[in-house]
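K.L.:
Read off the chains here:
There are 4 protein chains.
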Amino acid sequence: MQFRKIINDPVYGFITIDDELIYKIISHPWYQRLRRIKQMALSHLVYPGAVHTRLHHSLGAYHLMRQAIYELKGKGIDITPEEEQAAKITILLHDVGHGPFSHALESVLIEDVHHEELSILIMKKMNEEFGGGLSMAIEIFTDKYPKKFLHQLVSGQLDVDRMDYLTRDSFFTGVSEGVISYSRILKMLTVYKGELMVEEKGIYSIEEFLISRRLMYWQVYLHKTVLCSEMMLVKIFQRARELAASGDPDVKPDSVLGALLFNELQGSVRDNLALFCQLDDTDVTAAVKIWGRHKDPILSLLCNAVLNRTLFKLKLQAEPIDPVEISKRKRAIKDLFPVSDNDLDYLVFTGEAENSLYDPKEERINIVFRDGTVKDISLVDNALIHQNLSLAVKKFYICYYKPE
Amino acid sequence: MQFRKIINDPVYGFITIDDELIYKIISHPWYQRLRRIKQMALSHLVYPGAVHTRLHHSLGAYHLMRQAIYELKGKGIDITPEEEQAAKITILLHDVGHGPFSHALESVLIEDVHHEELSILIMKKMNEEFGGGLSMAIEIFTDKYPKKFLHQLVSGQLDVDRMDYLTRDSFFTGVSEGVISYSRILKMLTVYKGELMVEEKGIYSIEEFLISRRLMYWQVYLHKTVLCSEMMLVKIFQRARELAASGDPDVKPDSVLGALLFNELQGSVRDNLALFCQLDDTDVTAAVKIWGRHKDPILSLLCNAVLNRTLFKLKLQAEPIDPVEISKRKRAIKDLFPVSDNDLDYLVFTGEAENSLYDPKEERINIVFRDGTVKDISLVDNALIHQNLSLAVKKFYICYYKPE
Amino acid sequence: MQFRKIINDPVYGFITIDDELIYKIISHPWYQRLRRIKQMALSHLVYPGAVHTRLHHSLGAYHLMRQAIYELKGKGIDITPEEEQAAKITILLHDVGHGPFSHALESVLIEDVHHEELSILIMKKMNEEFGGGLSMAIEIFTDKYPKKFLHQLVSGQLDVDRMDYLTRDSFFTGVSEGVISYSRILKMLTVYKGELMVEEKGIYSIEEFLISRRLMYWQVYLHKTVLCSEMMLVKIFQRARELAASGDPDVKPDSVLGALLFNELQGSVRDNLALFCQLDDTDVTAAVKIWGRHKDPILSLLCNAVLNRTLFKLKLQAEPIDPVEISKRKRAIKDLFPVSDNDLDYLVFTGEAENSLYDPKEERINIVFRDGTVKDISLVDNALIHQNLSLAVKKFYICYYKPE
Amino acid sequence: MQFRKIINDPVYGFITIDDELIYKIISHPWYQRLRRIKQMALSHLVYPGAVHTRLHHSLGAYHLMRQAIYELKGKGIDITPEEEQAAKITILLHDVGHGPFSHALESVLIEDVHHEELSILIMKKMNEEFGGGLSMAIEIFTDKYPKKFLHQLVSGQLDVDRMDYLTRDSFFTGVSEGVISYSRILKMLTVYKGELMVEEKGIYSIEEFLISRRLMYWQVYLHKTVLCSEMMLVKIFQRARELAASGDPDVKPDSVLGALLFNELQGSVRDNLALFCQLDDTDVTAAVKIWGRHKDPILSLLCNAVLNRTLFKLKLQAEPIDPVEISKRKRAIKDLFPVSDNDLDYLVFTGEAENSLYDPKEERINIVFRDGTVKDISLVDNALIHQNLSLAVKKFYICYYKPE
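Residue numbers (numbering that gives the first Met the number 0), protein chains in the order written: chain C, 0 to 403; chain B, 0 to 403; chain L, 0 to 403; chain Z, 0 to 403.
Note that these hints are calculated values from the structure, not bench results. Here the structure is a predicted model, which means the values were calculated and not measured. Keep in mind that a hint or two might mislead.
No copy labels: a pair is met if it fits in one copy or bridges any two.
Stated by the list, open to error - Simulated pairs of lysine-lysine, DSS-like, Cα-Cα distance not exceeding 27 angstroms: (1) LYS314 x LYS23; (2) LYS200 x LYS23; (3) LYS4 x LYS401; (4) LYS72 x LYS23; (5) LYS294 x LYS374; (6) LYS4 x LYS374; (7) LYS401 x LYS147; (8) LYS4 x LYS72; (9) LYS329 x LYS4; (10) LYS294 x LYS223; (11) LYS294 x LYS251; (12) LYS312 x LYS223; (13) LYS124 x LYS143; (14) LYS143 x LYS374; (15) LYS329 x LYS223; (16) LYS123 x LYS146; (17) LYS74 x LYS23; (18) LYS74 x LYS294; (19) LYS147 x LYS223.
Using the sequences and the accompanying hints, generate a full structural model.
P.N.:
Encoded structure:
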């Protein structure tokens, strides 16, 4: 009897796991931790359905990888069983290094270590546990494996990671315009000269994919309420760290978060991997709940605002925020109650949000025509996605406390 | 007990009819005729699900009109019960003048009369039957009613007609990328200075709507197999008419189609409205089946090819077709069997297909900002839809017989 | 490059055809004919979306067969590539013998030959054309192939035919309660002792499947308006035949239907297969349209009623129709205008409709438990589907003309 | 400009809030707390999508109430604007008294107070804050309001609570067989003699609803892995309380949970409502994470098993568990390591799970026929749901630790 587990997924129906090593990786506590990290952080404050987890997303991306490989093999592309297993493991673990509420908290909790580096460290450690079974997956992840297209499926302009998160995020938010036709795109993928490409007939689906992504960015990921709540969370942790630095003992949470915030860890991230792998959304939310009762008025104000969804105001605009407006906002608060200039920076602050439709320099979506010609999608005749549009759109915001 | 009928619709769930006059109009034989006219003509040769009818589409558009009016009234826009009823009747009947397999056959079957004119003639005739109950609907349809926005809901860049056909056609074809968020767009509609506009927050949904429409055009409506089969149908009718003109009695179908093809009708279209209202897809398909056994080899060849889906080849390209290629194709056929030059034009022919993303001159999608500013969507900051893109894209095709 | 065609299907997304023989069968004019036969006959008079075709259904059933075989092979069941191809061909052609508007017209148009027999005749004829490529498919269809479970997948209590038509019919009607979880049922199928069975974990899905089927019968297939229109169609053809028998020349349609109605065919059905394979919905509808203008008042009354959806009344009840009621209805008509007793039978008639939830004698859904025990689903502990419920439910109807 | 907020919901599309009082209630911290309580507790260990919250469910139930009232008013049922507002408030708050991981933890955390009583206490307190605006809602909730049917819509056999949770839970788990046709059921509801009833045409939809509920119970809510994890959570809290009672200081969590577990609260629940309203899933999960590092081996074993999904085994069967089996399981553990008899009860334990299809004594689904007859659904002709089936099905389970 063959090994076989089936998982219900509202997005794709069923996800099949028919490889014992893959099932063992999924069962590993470090993978199970992803159950307790929401994929979309605080977006559920706007879209109440958006509470799905990183575990669910990486299972979904695994499913799409399975489909992609099935399609490519059907077109005669050579992929060995070992490569297939490795590619599936890579995508399963591509996000395993994410901490809670990234991208907001990433730089706050663990400075100077990107989540991809953490993913690699975790994969290497698991590779030891599983007797080398992840070696090829690590090569694919770090783009050292000769068949480039396997890495491109994991991390590229048209990777299964993006395809799953756009599909899944639009599903759970209910933003139906964000829906992409992942199944058609998967059927249009091919490998040409060793690179992942899209068949000519897939051009319109790719355009739709890029436009949907643009919509998801401005309507969901950078929705002003989402942006506001996530920036407030950053402020909460800055404040907690400031209080900790000033010797306040009450601010230390009863979890691994405490050690991180207080910089008490000895050695490198690699030395503390097991500790890091205990961190999840619970620690952050539990801390925010406790700090909501903290005596520092700035900290408790910020925490209760995020908990109870009585958020600051956020204004998003095309031009940089006028310093006059910042001063005006700060003064309005000072008129209400005494607050130091340092503390005011927690109640009025500015920032930038940016998104590009398609960057032909960095990203490459190559279309292969029936006659063997290859063109970047921005150079195709009558392309929707051309040079001008590929410029990044930058918006500026001011976020400020405004009591009712 | 209030009048109330409910119709199951796979697209919207349920369609409610709670007005007796509207139910009577739906029950009219001239409306019921739309059951026998497919919305997408021969597209089902490529997309087997695309067999939905014009009756189903116009019921769907009626449902969206109901929703649109509900939303607008919820925003305080003044719409009287009479106007509401009239707007619903207008949209129900907006396509009632369509003949079978339009747009392909429109100009072939009834020359010089556009289907909109026929719709108006039919509405006027029904207005007599229903004692003037359709007068306001006719004013709205012909854009003579003072509240312009009601006409814009029926026929404009963002009308419920387009919203339904894009939604419905992508539903029944299974081209999921074509799905638009009609419900969000409806919620973003508003009336400002008497005109239908879109609220600022709806910009991304409108972009998605336009891109989806573009995709539906190139991937579905102008799909080369669809285009080919529809052009072949046109050729079939040209041939039948030619044979009729030459006195062939066998070509006359045993339906109203016969009289139309043989130009036997006395008087204007208006005089023959009842006759025209007997025409539907059945007449055309029955004629094609009979002509498939006709002794004229060109006619039977074309008919059997369409019936059995052994279609001609069609090549679609950005540049006009080279006359050299046309000659080459014709010669290839002549090499196989003797055929006159006149007859060759039925076996090798060319044409053009065109679609524009958005034409700011003709169409107007106005965005109203929170501060009362109004801008055409192509002029909004960072607009995806700008001047260059709004140019129409024209493609050229050659269609030719190629025996296996 | 491997052979590969992809067809969009709104129900399953994409249907893949990766076998040249199968593609040739699909391209055969006798298969293409199914494009012109609606799966649900006149049900669209109630459910406007229900205009999908037998071609679409058999492609869908083919897709489910492909899935079923993939799942069974994944469980280690031995199925050779030849068997896989044959099983797919069998299901593709299982309905190829259907005439227009069956089941209503089946016994009227071709007496004494069941559509399954016609399917076999057609498969045999195609087998000659394709050089014996359909031999194994015919064995499976006629249950002569040793691996019984392949026949059971085509025709049994849990075959892919039923799974597709329930899924597809509920999809196109919009009767969402009829939706079954075909993908879960397919995953629960297994082969044990050579027979198709369901794994223990699938019991609740099977219950749901049977209840959904019950709902579809009473709410859709035997909906009183659907029943009424189909019985009226039967009456139309009885009348036409009666008029033909009495020597009326005007009643003969200009299609193969004429020969059938007038019993002019020489020889057996087998001898006239090619002729039968020209019949489709168009012939019936075209005849009904022409007969709507026929001088016989009974025939034209019936035809226009079906065309314009001004149907007779139908009453459905648990008890047989009281003869007193029949007389009363007939008298009411006679009071309005003179009509012979023979003709009255076209205007007032009765009949029966029947459906059983599950018949443990005929049908067998066997559940195989983890310990190897096999039980009929009606004998499982706490079974919903037990002896009493399996009795057929019979309803009686009277259908009568009632002018407004 | 009318007040109007729109919330995206993947299940229903959009949820509209057009009443300021209702928006204020939703904005209340006690309502916002429901964001942090998962609707389906630990079911996500089996169905990874099932992480939706009680806030999302109660918004969904509110939406269905809005629809139900719209349908009933369309049928001429008299419902005043005040009653409409009150009914919406009632359903919004019907679950506000739920604690984290109910139903598992309900009796463990707050003994002797049912969540409905807590909901009433909370509604009364909010009623004070909102100046009496919730008075009618409280009357409806406690079934003291004269129009009984309003209470039946909130809490009855066919209430919008059940309709939403079945719909939502099947949506998020991906168990598509659980889908019910809420929109058809809503359209079939009516009020007759002051009671909520179902129109005759709705019988099959109701059957489907009951069968889907049965399926959801056995396949989801009482899935053995879900049952096992929830019973283990109960054991965790029993153990923590036992340790607390024995004077262990390390077991006390740094949240309101500590006070509850240590029975430190003064006064009644009513006196401690604000405290209770700080409790959510975070407190429980944070405690489980901390206890995973506790020195008591039983507590840490249980906690890590739930966190890492290395759960105990659970066997579900029709007969009570044989005491011999219990002894055998306990002995097997004792053979591995020394453990006291008291502690063994945390590692091997038994219980019962029960579900009835329909209980005609308690629940009443009345069908009203066109002639005014009213019958309980279990007494209708050919009813699927009859006396025998209405008996509750009881299953027994044993849950035991089994190291790999």
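K.L.:
Check LYS401 against LYS147 for me: Cα-Cα at most 27 angstroms, and say if that holds within a copy, between copies, both or neither.
P.N.:
Classified as neither; 52 angstroms inside a copy, 42 angstroms across copies.
K.L.:
Cα distance capped at 27 angstroms. Does LYS314 pair with LYS23 within a copy, between copies, both, or neither?
P.N.:
between (47 angstroms within a copy, 23 angstroms between copies)
K.L.:
Cα distance capped at 27 angstroms. Does LYS294 pair with LYS223 within a copy, between copies, both, or neither?
P.N.:
neither (29 angstroms within a copy, 46 angstroms between copies)
K.L.:
Are the CA atoms of LYS123 and LYS146 at most 27 angstroms apart within a copy, between copies, both, or neither?
P.N.:
For LYS123 and LYS146, the Cα distance is within 27 angstroms only inside one copy (21 angstroms; across copies 49 angstroms).
K.L.:
Taking 27 angstroms as the upper bound on the Cα-Cα distance, should LYS294 and LYS251 be classified as within, between, both, or neither?
P.N.:
both (13 angstroms within a copy, 22 angstroms between copies)
K.L.:
Give the relationship of LYS72 and LYS23 under a CA distance limit of 27 angstroms: within one copy only, between copies only, both, or neither.
P.N.:
both (26 angstroms within a copy, 24 angstroms between copies)
K.L.:
Could you place LYS200 and LYS23 in one of the four classes (within, between, both, neither) given a Cα distance threshold of 27 angstroms?
P.N.:
Between. Shortest inter-copy distance 23 angstroms satisfies the 27 angstroms Cα cut-off; intra-copy 39 angstroms does not.
K.L.:
I want to check one pair: LYS147 and LYS223. Are their C-alpha atoms no more than 27 angstroms apart within a copy, between two copies, both, or neither?
P.N.:
Answer is neither; intra-copy 38 angstroms and inter-copy 35 angstroms both fail.
K.L.:
Measure nothing new, just compare the shortest in-copy and cross-copy C-alpha distances for LYS329 and LYS223 to 27 angstroms and report within, between, both or neither.
P.N.:
Intra 20 angstroms, inter 57 angstroms, cutoff 27 angstroms: intra-copy only.
K.L.:
Can you tell me if LYS294 and LYS374 fall within 27 angstroms by alpha carbon in one copy, between copies, both or neither?
P.N.:
neither (61 angstroms within a copy, 50 angstroms between copies)
K.L.:
When no copy is specified for LYS143 and LYS374, does a C-alpha distance of 27 angstroms or less occur within a copy, between copies, both, or neither?
P.N.:
Cα proximity of LYS143 and LYS374: one copy only (25 angstroms, versus 51 angstroms across).
K.L.:
My question is about LYS74 and LYS23: at a cut-off of 27 angstroms on alpha-carbon distance, are they close within one copy, between copies, both, or neither?
P.N.:
Intra 31 angstroms, inter 20 angstroms, cutoff 27 angstroms: inter-copy only.
When each numbered hint is compared with the structure, violations occur for hints 5, 7, 9, 10, 18 and 19.
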